Amino acid sequence: MSAWFDANLVSILNGAAIGCLLFILAIGLSLVFGMMDVLNLAHGAIFLGGAYVGWKVGGAAPTWASFLLALGVAVLLGLVAGGVLSAMTEPLRNRSHLDQALLTLGIALVVAELLSMAFGNDVRGVNAPPGLDGSVSVFGNAYPTYRLMLIGVGAVLAAGMWLLVSRTMIGAVIRGTVADREMISAIGIDNRKVKLAVFAAGSALAAVAGVLGGPIYGARPGLDATVLILALVVVVIGGLGSVRGALVGALIIGQIESLGRALFADAASFVLFGALAIVLVLRPQGLFAGATR
Amino acid sequence: MFLEVENLTSGYGGSTVLTGVNLSLDKGAALAVLGRNGVGKSTLVMTLAGLVRPLSGSIRCDGTELAGKRPDQIARSGVGLVPQGRRLWKTLSVQEHLELSALRRRPSSSSRPRWTLDRVFTAFPRLAERRRHLGAQLSGGEQQMVAIARALLTNPDLVILDEPSDGLAPAVVDRIGEVLRELRVEGVAVLLIEQDLHLAFAVCDDVAVMAKGQVVHSCATADFRRDPETAHRLLGVA
Ligand SMILES: Nc1ncnc2c1ncn2[C@@H]1O[C@H](COP(=O)(O)OP(=O)(O)O)[C@@H](O)[C@H]1O
Ligand SMILES: [Mg+2]
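Protein sequence lines correspond, in order, to chains A and B.
If you're matching positions, the first sequence starts at 53 in the numbering used here and goes up one per residue.
If you're matching positions, the second sequence starts at 34 in the numbering used here and goes up one per residue.
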């Protein structure tokens, strides 16, 4: 056990770091789908936009100032992008998921094309900010400091989101909207404003995830589709509209992506979709559907 | 007239359910809407609340046209909804239900005392004991109390209740009847959809009977009670 743990510690930590990143990405997707029944396939494009913001604003070798500035710009752009997406999907409110998926997929393709025109097709690698670009020793293994920090940021964000959703009035509106949004409107709360707010906040988090993911993935064409699929799997596994579900789903997928790849290199994507298939067969509504907290 | 519904039609997708509903209600008055299953009572309720879109006709309430408005606008203009099946948010506690409903509370009109959480707990002491429970953990009667409290906390001028007595013990139904009568005294109008004639008669001074998406008979409650033959013909009950 201990030898196995030693041999795979780096993979496990990598999985946790990827899981934290996926949680920050997937939470917005899950809440918007769970609350408003809007399937937003442009979510991955927002992540990629954030990654390019990290490279463009932060620079390939960012200082702390430029890194934080990049995060700030990503938040703003994410808020705006989410607001625009919320407004664009509003007319499709009572249409099928397929209509929404087609609209947001179209937007995603246009955005991806624009990004590739603006930034080219090379991988735009980004360093971690100073002080986080080295490695530290974890049980005798050298491990990148930045990824440890990512785990910490993910933990703090998850705790913050959980408190927000389970303990505040904002959270009560969110949970009520997941449970029965018509009755939320029947007490005088405008569903469109709730949707706008959650869409904007979720998109800002996706853009932030893009900046944070820069030092791991870089920014490159195709990354949007890769992370979108991972986030969709997270949402399906965790259940719609649930913070806990998004967290557990993201951590599971993080491990499958990392540890799974290390242990079953040949069957890595089979493991990912195998896990998805198992959850769909055993609990089609997801592990934590409707729990919201 | 405080509420005036004229030639209201609505339905779902392709099918029209309401084929021209007319009814009216004075300030502080109570009207019982009766009718067999499937005649469109709940569709009327949902259309008045803006949750089903009217196809034509008008809903004037306190001088403003509500037909075509969004449900949140209708709620904020003073219409409180207690839907069929209660529809609590099953992941929210009783306390959260009440706080949330008070969030967009209107300033209470005129001299009427406004609804607060304390006032709800006075009206339904049982809810004070159940504050921390989730909607799904409550008995049917407690759920109905929460559903009514939720509507009252918006400080409505008109409360619409869709079969509130459904499946409840007589003592709970009586308590609901008392609360509705107290509301009327304060000038709140009540539109009560019911199968339980006992509650309808105890609260309402007028009766409207629906059939096939229309109001086919309306009269004073006292007259309706005196004429069991008509009641039997329209409702299939004695
Ligand atoms: N959500 C809905 N979608 C489609 N048809 C509905 C829906 N709700 C009710 N109906 C139909 O509308 C008619 C009237 O139903 P309803 O208004 O619920 O009657 P009531 O409340 O008087 O029992 C019924 O034929 C019912 O099948
Ligand atoms: Mg009904």
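Bear in mind the hints are in silico, worked out from the structure with no lab data behind them.
There could be a bad hint or two in this list.
[Unchecked claim] Cut-off 20 Å, straight-line C-alpha distance, at most; resulting in silico cross-link-like pairs (EDC-like, lysine to aspartate or glutamate):
#	chain 1	residue 1	chain 2	residue 2
1	B	Lys123	A	Asp185
2	B	Lys60	B	Asp260
3	A	Lys245	B	Glu132
4	B	Lys60	B	Glu98
5	B	Lys102	B	Asp151
6	B	Lys102	A	Asp185
7	B	Lys102	A	Asp242
8	A	Lys108	A	Asp232
9	B	Lys123	A	Glu142
10	B	Lys123	A	Asp58
11	B	Lys102	A	Asp318
[Unchecked claim] Listed next, the stretches of chain A that the computed footprint assigns to chain B, with coverage defined by at least 3 CB atoms under 8 Å from CB atoms of chain B:
#	region
12	153-166
13	221-233
None of the values given here were measured: they were computed from a predicted structure.
C-beta: ideal position from N, C-alpha, C; glycine also.
Evaluated hints:
| no. | hint | result |
| --- | --- | --- |
| 1 | B:Lys123 - A:Asp185 | violated, 47 Å |
| 2 | B:Lys60 - B:Asp260 | violated, 27 Å |
| 3 | A:Lys245 - B:Glu132 | holds, 19 Å |
| 4 | B:Lys60 - B:Glu98 | holds, 16 Å |
| 5 | B:Lys102 - B:Asp151 | violated, 32 Å |
| 6 | B:Lys102 - A:Asp185 | violated, 56 Å |
| 7 | B:Lys102 - A:Asp242 | holds, 12 Å |
| 8 | A:Lys108 - A:Asp232 | violated, 42 Å |
| 9 | B:Lys123 - A:Glu142 | violated, 26 Å |
| 10 | B:Lys123 - A:Asp58 | violated, 45 Å |
| 11 | B:Lys102 - A:Asp318 | violated, 58 Å |
| 12 | 153-166 | violated (count 0) |
| 13 | 221-233 | holds (count 8) |
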